[in-house]
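Protein chains in written order, with this note's numbering: chain A, 127 to 398; chain B, 127 to 398.
None of these hints come from the bench; they were simulated from the model.
One or more of the hints may lead you astray.
In this list, chains with the same sequence are indistinguishable; a pair is considered to hold if it fits within one copy or across any two.
Claimed, not checked - In silico lysine to aspartate or glutamate, EDC-like type, Cα no more than 16 Å apart, as pairs: (1) K283 <-> E134; (2) K191 <-> E397; (3) K169 <-> E379; (4) K371 <-> E397; (5) K283 <-> D241; (6) K133 <-> D187; (7) K292 <-> D152.
There are 2 protein chains.
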Amino acid sequence: MTAEMFKENITSRDNPLVRQLKQLCDSRADRYEQQAFVTEGIKLCSEAASAGLVKVLLATDAAIKKYSEELAAIAANCGRNIVISESIAAKISDVKSPQGVFCLCDMLDNRNFADKIDYMDHNGKYVLLCSLQDPGNIGTIIRCCDAFGVTAVVLTKDCPDIYSPKLLRSTMGSLFHLPVMIGGEGEEVVCGLRDAGIKLYAAALSDNSIPLGRVNFEKGSAVVIGNEGKGLPQKIIELCHETVKIEMRGRAESLNAAAAASILTYKLMEER
Amino acid sequence: MTAEMFKENITSRDNPLVRQLKQLCDSRADRYEQQAFVTEGIKLCSEAASAGLVKVLLATDAAIKKYSEELAAIAANCGRNIVISESIAAKISDVKSPQGVFCLCDMLDNRNFADKIDYMDHNGKYVLLCSLQDPGNIGTIIRCCDAFGVTAVVLTKDCPDIYSPKLLRSTMGSLFHLPVMIGGEGEEVVCGLRDAGIKLYAAALSDNSIPLGRVNFEKGSAVVIGNEGKGLPQKIIELCHETVKIEMRGRAESLNAAAAASILTYKLMEER
């Protein structure tokens, strides 16, 4: 693919489309109002294109040279291809050294947990993230859940937006691979999963927590993970069937949240 | 502890001690030349004090109010306590919202792998990090190794410096809890561990890799983890006794390096 195959060209940083992209990157409200979001980088843009979500592809001359094959594949699946200047790429970008590739994408899918609860796989394995605060942690956990074949991930509504640039980036495209659903408050989601017959394991360091090595996660179960600093509220722990803890033998008081979630997810999906 | 109990006061951003601290934060060469490093934040400073490494404690008025008890404990273990201005804290700090607590610390310990190899516990469990590049990943892995009771962590010499502010921060103090040693090139360290009778498991997605769930890590074994993007060089893999992989069932092509290392470390230390 060469720059000549791109039909349009934008050079002004004040172009309305550039302003729209910048706003979609910065504002959750704008994303949901327009039901659209922006992907950045060749990997994420390619994944969004494979998922059929790309409306507009934008790339710098340098990116078109470097990623000509991948960009041709994305362009084949979207209506508009636009060459942009490096200065526009720097304006939209969320990173220090932008690759110069962006896509304007549709939120085509309905990710509302309440709408999906009746159609859940009762033999599935689920990960529920309650009130996490770091987008990078959530992205890393979604990537793990994808890697291990988790049926679906559910986030409470107070988690960072899954379409924020940082969260999208840390998923490495996994957001487009498995259902990631947005629920209401923690208690609401936990009760929803309970009523659907899912066995819930709260990750918490309580006195009566079962050591992870002794848990045999049956079909139809979920791990419930809490906030990085505060963990799970007592009320949520009580609504779960069991409490599970990762065995700690050393002097560290806690694990990094994404590290803990990775281990829990690995064990949730481990075949015995 | 109150500000009056602090013997000294620095208000100039050009004070030689302030300049020295800033340089130690920014320059690996300066740290090793002076055999000193800087910790930031109440948690990390407290951990460094417990390890007996603190020479000078610096804190802002706001920090002295907020962390009076913890600061008293640190001050009891070090020679100089200095009140600094917010503007100096901002100058030294590596983060957006500094807590206003810093310690100038001695590198008291010898972390040279070659000097330790003859004294290794042949029944220990080790984690070897080869050519990793992200300080945050390394810190998270060291924190995991601490949590699970790994005997020691060894880094090849091309990894980021363990005393860099970002790496220190992500260890949450675990660097002071377990031996973290610095080796030479990857092959050199791998051969050193082999010769010491340690069984080496290379983490790599080769065709003949053993799935992690089927590995029973015996006493006297080590997991060898490679670079975030490139993984382990073939030569290192061949020098190891076994190759192990984390089973992937979904569509993600790879795991985040720290997530993968957490799972490997958990399994390395799992009691059976």
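Going down the list of hints, with the structure as the test:
no.: 1; hint: K283 <-> E134; verdict: neither (38 Å within a copy, 49 Å between copies)
no.: 2; hint: K191 <-> E397; verdict: neither (45 Å within a copy, 53 Å between copies)
no.: 3; hint: K169 <-> E379; verdict: between (36 Å within a copy, 11 Å between copies)
no.: 4; hint: K371 <-> E397; verdict: between (19 Å within a copy, 14 Å between copies)
no.: 5; hint: K283 <-> D241; verdict: within (14 Å within a copy, 53 Å between copies)
no.: 6; hint: K133 <-> D187; verdict: within (13 Å within a copy, 60 Å between copies)
no.: 7; hint: K292 <-> D152; verdict: within (11 Å within a copy, 26 Å between copies)
Of the numbered hints given earlier, the model fails hints 1, 2; all others are met.
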